[in-house]
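Engineer: Just so you know, the protein sequences line up as chains A and B, in that order. Offset between the first sequence (1-based) and my numbering: plus 538. Offset between the second sequence (1-based) and my numbering: plus 120.
Source of the hints: derived by calculation from the structure; they are not laboratory data. Be aware that one or more of the hints could be misleading.
These stretches of chain B come out as covered by chain A in the derived footprint (C-beta under 8 Å, 3 or more residues) [said to hold, decoys possible]:
| hint | stretch |
| --- | --- |
| 1 | 295–302 |
| 2 | 500–512 |
When the alpha-carbon atoms are kept at most 30 Å apart in a straight line, the in silico DSBU-like pairs for lysine-lysine are as follows [to be verified]:
| hint | chain 1 | residue 1 | chain 2 | residue 2 |
| --- | --- | --- | --- | --- |
| 3 | A | Lys627 | B | Lys193 |
| 4 | B | Lys263 | A | Lys584 |
| 5 | A | Lys619 | B | Lys263 |
| 6 | B | Lys208 | A | Lys627 |
| 7 | B | Lys257 | A | Lys665 |
| 8 | B | Lys305 | A | Lys584 |
| 9 | B | Lys193 | B | Lys208 |
| 10 | A | Lys627 | B | Lys419 |
| 11 | B | Lys263 | A | Lys682 |
| 12 | A | Lys619 | B | Lys305 |
| 13 | A | Lys682 | B | Lys305 |
| 14 | A | Lys627 | B | Lys257 |
| 15 | A | Lys584 | B | Lys226 |
| 16 | B | Lys263 | A | Lys579 |
So the derived list for chain A, only partly shown, Cβ under 8 Å to chain B, looks like this [stated by the list, open to error]:
| hint | residue |
| --- | --- |
| 17 | Gly570 |
| 18 | Arg577 |
| 19 | Asn623 |
| 20 | Asn628 |
| 21 | Gln649 |
Beta carbons are placed, not taken as given, at the ideal position from N, Cα and C, and that holds for glycine.
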Amino acid sequence: MKKTIAAVALILPLSLALFAQTKPKTAAVKPGVAASIARGKVVYTKNCLSCHAVDGGGIPHMNPPLVETSYVSGDKIRLIKVVLNGFPKNVPIDDETYSNSMAPHAELSDQDIADVLTYVRGSFGNKASAIKVAEVKAVRATNKK
Amino acid sequence: MKLKLKYLLPVGVIGIALFALKPEPGVNADADNAGLKLPAGFGALKVAETASQARHLVVTPQGDIYVKLARPKEGKGILVLHEGANGKATVTGGFSNYGGTGIYLKDGYLYASSNREVFRYKVDAQNKVINPDQPEKIITGLKMGNEHETKSIVLDNVGNIYVNIGAYSNSCQEVDRATGSMGIKGCPILDSAGGIWQFKANKLNQTYGDGVRYATGIRNVVGLDWNQQDNQLFVMQHGRDQLHDIFPNMFTEKQSAELPAECMYALKKGDNAGWPYMYYDQIRHKKIVAPEYGGDGKKEAVGNFIDPVAAYPGHLAPNGLLFYTGNMFPEKYKNGAFIAFHGSWNRAPEPQAGYFVVFQPFKNGKPYGDWEIFADNFSGSPAKTAAGAGRGPTHADHRPCGLAQGPDGSLYVTDDSKGTIYRIIYKK
C-alpha cells in the first residue's frame, strides 16, 4: 500500500508537469492576475469607461485611446502617476493631441489602481504585464503632488 | 443651300425642345444620397473626400470652396476646392500654415481663425484670395486652454466680428472633472474665456483690451451664425459634461446622458448665459444650479441669466449653425436654422446620439415648433451612432461639423472625421 502511494506520488507530479507543457499558451494568465483583471474591470467601468470607452478606444481628439500606446503598455511608473495625478495637459500622445483634462484618481486604493491598470494592460488587445499593489504603493509614497 | 436651311431649322427647334425636357444638366444626387437619410424630395452628393479634419467652410458664388482644417494637411490649414459642372469638386490648392475652425467670407475679405488668432485675406471680385501668404492679423493673444480651444467666427453688418473663446474647463471646478471637486468661487476663467468677444473686423492686432466681452457665461460654442431677420447673433452652446461622474450620488448615468441641454441662445450685448453656475434642464424647462455651486439637480438658479431660445438633448455637440436664406428648399425652410450635431461621446454607458443635421423651424425670427432630424446616418448605421465616435470600424464613420449655403441654395456639410464634404439638394 505504502509502495503504491509512493509510486502515485512520484507519477502525479510528473504527469502534471507533462500536462502543463502541452497546455495552450493563451491560458497562461496566473490565477491571481485573472482575479485582478476581473476586479479591475469593475473599477474601470466605474471610473474610466465614460471617457476612454467600453473598448478602451477613447474619443478622437478628446480622450486618448488605451490601446496601441506606450503610455499604457510602457513604463509602469509613468502609468501609475497618470492615475494618481491625472493628465491635465495637452501634450501629444503618439503624435496626436487630446483636449480633455483627466482628473487625478488618487482617491482609488493601491489595490484598485493595481487592478484597473492590470485590466487595461491585459485588455483591448494589450498584452503588457500585470501591475502589483506594491508597485502602486511605492509610486504613491514618492509621488510629488 | 437655302433648301438645306429650310430643312434644318425645324430639326434644330425640335432638338432644343427635347433638351429642355431633360433634367437640367449638372448637379445630381449620388445614387445612395451619399449614404444620408433625408426627407422626401431631397438628395445628397459627396462633393469631395479630402481625408482631412474639415471644420467650417465657405462656398463662393463662383463655385470655390474654402475649408478650414483643425490640423493643417500637407502644410495647408485652408483647403481650396473648385466645383465642376456635375457638382464634384477637386482640391485646387491651399494656404495658411495654422489649424483652426472658423472661416467666414464677407465684404471682400475671407476671415479665418487659428486657436489663438484671427486673420483676414483680401479677395478679388471672383472671391479668390489675392495674397494667401500675407494675411492681415486682426486679433491676437486669445486664450487657448487644453479644452474648448477652437475659435468660431461670424460678422455682423456693421463691421464687427464675433469670436467664441471657449472655457478651458468643464465646470470651473477646483480640479477639472474630478469627482466631488467644487466650483471656484467667482469663476476666474470668465474674465478672458467662456463667452463671445466682439472686435472690429478691419483693425489690426487687436487683443482683449481692444475687444468687448459681448456675452458671458457661455461654456463653449462651435456653431454660430448672424440672423439677418433679427440682425442678431445666435450661438449653440456645448453644455457641461459628466454630471454623474462628478456627482454620482446626485445624478444617475441615465440622467447624466440626457442632461444638460445643448442650448441655442439669441444674444444681446451684456447677456450672461450662466455657465458655470447653472445649466439648463430641457426636460423640466428650468435653469438649475450646477452641483459644483451648491445645486442638487433640482434647485433653480437665481440670477440674471438668460433663457435659451431652444434646447436640445444633452451632449449632441452642435458644431454648425446656419440660417437658411436660400430659394432652393421648400418655403418652410426659409429663415429657419440648420444645426450640425457632431455627435456625443459623453453618454456612456448609455448609447451615444447625434451625428445628424437638425432643422429648427423659425417664425418671425424666433424658433417656432419642434425641431426635426433633417439629414441622418452620417455615422453609417444606428449601431454606429450608438457606439459613437471612437476607434475602428464599429464606430461612427463621419461626424457632421460645418454648414454653408451654396449660391443656388444647396446646403453643404463638412465631416471632420474623414473630411467628406456633402451637398444636400432639393430635387423637386
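Engineer: Determine for every hint whether it applies to the structure shown.
Structural biologist: Hint check:
Only residues whose C-beta sits within less than 8 Å of a C-beta in chain A count toward coverage, and the stretch 295–302 of chain B has 6 of them, enough to reach three; the restraint holds. Requiring three or more residues with a Cβ within less than 8 Å of a Cβ of chain A, the coverage given for the stretch 500–512 of chain B holds, as 5 such residues are present. For the proposed pair Lys627 (chain A) and Lys193 (chain B), the alpha carbon gap of about 24 Å is at most 30 Å, so the pair holds. Between the alpha carbons of Lys263 (chain B) and Lys584 (chain A) the distance comes to roughly 33 Å, so the proposed pair goes past 30 Å and is violated.
With a CA separation close to 28 Å, the supplied pair Lys619 (chain A) and Lys263 (chain B) stays within the 30 Å bound. For the proposed pair Lys208 (chain B) and Lys627 (chain A), the alpha carbon gap of about 41 Å is over 30 Å, so the pair is violated. Proposed proximity of Lys257 (chain B) and Lys665 (chain A) is contradicted: the alpha carbons are some 50 Å apart, above 30 Å. This hinted pair checks out: Lys305 (chain B) and Lys584 (chain A) have alpha carbons roughly 29 Å apart, not beyond 30 Å.
Taken as a hint, the Lys193 (chain B) and Lys208 (chain B) pair is honoured in the structure, with Cα atoms around 20 Å apart against an allowance of 30 Å. At roughly 34 Å between alpha-carbon atoms, Lys627 (chain A) and Lys419 (chain B) are farther apart than 30 Å, so this suggested pair is violated. A hinted pair counts as satisfied when its Cα atoms are at most 30 Å apart, and Lys263 (chain B) with Lys682 (chain A) qualifies at roughly 28 Å. At most 30 Å may separate the alpha-carbon atoms for a hinted pair to count; Lys619 (chain A) and Lys305 (chain B) meet this at roughly 29 Å.
Proposed proximity of Lys682 (chain A) and Lys305 (chain B) is supported: the alpha carbons are some 27 Å apart, at most 30 Å. A C-alpha spacing of about 28 Å is found between Lys627 (chain A) and Lys257 (chain B), which places the hinted pair at or below 30 Å, so the restraint holds. Between Lys584 (chain A) and Lys226 (chain B) the CA atoms are separated by roughly 49 Å; this puts the pair beyond 30 Å, and the hint is violated. A distance of roughly 38 Å separates the Cα atoms of Lys263 (chain B) and Lys579 (chain A); the hinted pair therefore is violated under the 30 Å criterion.
Here the hint on Gly570 (chain A) is broken, as its CB sits about 28 Å from the closest CB of chain B, past 8 Å. The beta carbon of Arg577 (chain A) is not positioned within 8 Å of any beta carbon in chain B (closest approach about 18 Å), and the interface hint is therefore violated. The criterion of a C-beta within 8 Å of any C-beta in chain B is not met by Asn623 (chain A), whose closest approach is roughly 11 Å, and the hint is violated. For Asn628 (chain A), the interface hint holds, the least distance from its beta-carbon to any beta-carbon of chain B being 4 Å, beneath 8 Å.
At its closest, the beta carbon of Gln649 (chain A) sits 18 Å from a beta carbon of chain B; the interface hint therefore is violated under the 8 Å criterion.
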